[in-house]
Amino acid sequence: MTIYRTFISRLMLNYFIGSVTAVAGVGGLIIFTTLEISPREYLWLVIVLGVSLCSMVSLEWTSFSRHIRPIKHVFHQDVASHNELQQVYIRLHQLPSLAVKRILGPHFFGLTVPAVLLTLWLIHTRVLSFPQGFLVLAVLGALLVAAMHAMIEFFLTSYAIRPVLEELQRRSIGKFGKELSLGGQVLISIKQKFRWGAFLIGAFPLLLYGLAVQLRIGNLDGAGGEYWRWAGYILIVALGFAFFGAWLLTRDVEIPIQHLYERMAEVKEGNLNTHASEMFSDEFSKLVSGFNHMLSGIKEQSALNNQLIESYFATLAAALDARDPYTAGHSLRVADYAVQIGVLAGLSVEKLDALRKSALLHDIGKIGTRDSVLLKEGRLTEEEFDQIKQHPAMGESILRQIEPADAMAPFLSGVRSHHERYDGKGYPDQLKGEEIPLFGRIIAVADAFDAMTSNRPYRRGLDVEKAIQILEEGRGTQWDPYYAGLFVEDYRNRQKDKTEFAG
1 MTIYRTFISR LMLNYFIGSV TAVAGVGGLI IFTTLEISPR EYLWLVIVLG
51 VSLCSMVSLE WTSFSRHIRP IKHVFHQDVA SHNELQQVYI RLHQLPSLAV
101 KRILGPHFFG LTVPAVLLTL WLIHTRVLSF PQGFLVLAVL GALLVAAMHA
151 MIEFFLTSYA IRPVLEELQR RSIGKFGKEL SLGGQVLISI KQKFRWGAFL
201 IGAFPLLLYG LAVQLRIGNL DGAGGEYWRW AGYILIVALG FAFFGAWLLT
251 RDVEIPIQHL YERMAEVKEG NLNTHASEMF SDEFSKLVSG FNHMLSGIKE
301 QSALNNQLIE SYFATLAAAL DARDPYTAGH SLRVADYAVQ IGVLAGLSVE
351 KLDALRKSAL LHDIGKIGTR DSVLLKEGRL TEEEFDQIKQ HPAMGESILR
401 QIEPADAMAP FLSGVRSHHE RYDGKGYPDQ LKGEEIPLFG RIIAVADAFD
451 AMTSNRPYRR GLDVEKAIQI LEEGRGTQWD PYYAGLFVED YRNRQKDKTE
501 FAG
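For the sequence shown, the residue numbers in my numbering are 1 to 503.
Don't take every hint at face value.
Said to hold, decoys possible - In silico lysine-lysine, DSS-like type, Cα no more than 25 Å apart, as pairs:
no., residue 1, residue 2
1, K191, K178
2, K191, K268
3, K72, K191
4, K268, K351
5, K389, K425
6, K268, K299
7, K299, K351
8, K286, K193
9, K432, K496
10, K178, K268
11, K432, K389
12, K101, K72
13, K191, K101
14, K286, K299
15, K101, K178
16, K191, K286
17, K193, K101
18, K496, K466
19, K432, K351
Simulated from the structure, these hints should not be mistaken for laboratory data.
Use the sequences and the hints to build the structure in full.
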């Protein structure tokens, strides 16, 4: 509650400072230094201004209470849900923009409408003697002052909300273990803040001076029309310069931010080879240098993580192969053959990495197979072979239990389907043709080749030429004709190159 009370007190103080500066200071300066009227008329203007201020404060307080109500509700109750804290977190970020809308809405109209109506009535009853045309200038001046007040209030409110945001963040983490966030939502862009802020800073003194001079000249000798014909060109050029200068300033700030945002988007998509350009000579140079330094650290950590993951997969495969001395190195060799086929097929680097990991784990389901079956020296019975045939589905089931689940998802299809046949007579799902997942079709070729060329307790491995011949004969029946063909053709070409080189 202390933070909330301090926050409200600061908002009230900010509003008082802005109102005194803009309304009483600038507005009063225009009225009491440019108009030459009697003390009695000044008194009436003070009364009109006082009544208008009461109207303005009443309307603005109603609007402010509505804006602040959700924040007040959270700080006045003992228990608030995470969703309520999140909504108030967003509302706090909206307060600076709401302050601008409040000042250009209830504040401006609450002041000008009663002031104009009362002044017209006093002119009509001859209490005030200046021309009604001055009211148009007064309304323009009030709008100008309100715009300046809105800008001041925007930045003061932006500073005031920060301690409250920190308090809400502390509560959310303490009670729910979750951080509050805008989720990347941009409530007001830097482009808008800089463009309009810089424009108002440049245009306000110019327009204020023009209005004051017009009131002074018009009040003295009626030369206001001639003055505006002469000054109009100068005002247009000056305002154009203010707008162009604001655009240049905004662009100068926006370009490095956009550059860093684009690099961050690339990193978010997984591209760690990006780099922020060192093309800025101001404080953004430090920001770019820090970003690149941080990215270098992320790349080093990512490389280490990838190395650890690769070692993890290789260790799992080696641990499985170690159960049977006759299959030692089988998973590593199958992974190498699978990647070889993937390269020949033109798969992307990401696909090749996933294919390698899938091939390394393709027999992980055999962990659940009894040693009496897996290590049997001799042909398996039908019942024992049925147990062996369960290992693809069991391997998929094992990988599904590893967290995070989405990290294992790319490898599941290859592990489950590496014993499917192209003619639909494989297992466990009897898939046919291109119904078989891509990794399953590639690993099937690599697995079969290594199995045929490796020694077993009950037979010696085939020579490579014979294994290649069997693969070629099994294209379109046991194996995918395209991927088996790539492997066979690559072997034939390498043999041909060796022969020509020897010759």
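Verification of the hints:
A C-alpha spacing of about 31 Å is found between K191 and K178, which places the hinted pair above 25 Å, so the restraint is violated. Distance check on the hinted pair: K191 and K268 sit about 24 Å apart at the alpha-carbon level, within 25 Å; holds. For the hint linking K72 to K191, the alpha-carbon distance of about 31 Å lies beyond 25 Å, and the restraint is violated. Only pairs whose Cα atoms come within 25 Å are accepted, and K268 paired with K351 is accepted, the gap being roughly 19 Å.
The suggested pairing of K389 with K425 holds, with an alpha-carbon distance near 13 Å, which does not exceed 25 Å. Proposed proximity of K268 and K299 is supported: the alpha carbons are some 13 Å apart, at most 25 Å. Distance hint between K299 and K351 is fulfilled; the C-alpha atoms sit about 20 Å from each other, no more than 25 Å. Between the alpha carbons of K286 and K193 the distance comes to roughly 23 Å, so the proposed pair stays at or under 25 Å and holds.
Between K432 and K496 the CA atoms are separated by roughly 34 Å; this puts the pair beyond 25 Å, and the hint is violated. Between the alpha carbons of K178 and K268 the distance comes to roughly 21 Å, so the proposed pair stays at or under 25 Å and holds. Distance restraint check for K432 and K389: the Cα-Cα separation of roughly 17 Å lies within the 25 Å cut-off, and the hinted pair is therefore satisfied. Restraint check: the Cα-Cα separation between K101 and K72 comes to about 20 Å, which is no more than 25 Å; the hinted pair holds.
Between K191 and K101, the direct Cα distance comes to roughly 18 Å. Compliance with the 25 Å bound is thereby established for this hinted pair. At roughly 20 Å between alpha-carbon atoms, K286 and K299 fall within 25 Å of each other, so this suggested pair holds. With a C-alpha separation of about 32 Å, the suggested pairing of K101 with K178 is violated against the 25 Å cut-off. A hinted pair counts as satisfied when its Cα atoms are at most 25 Å apart, and K191 with K286 qualifies at roughly 21 Å.
Taken as a hint, the K193 and K101 pair is honoured in the structure, with Cα atoms around 14 Å apart against an allowance of 25 Å. Restraint check: the Cα-Cα separation between K496 and K466 comes to about 16 Å, which is no more than 25 Å; the hinted pair holds. Distance hint between K432 and K351 is fulfilled; the C-alpha atoms sit about 22 Å from each other, no more than 25 Å.
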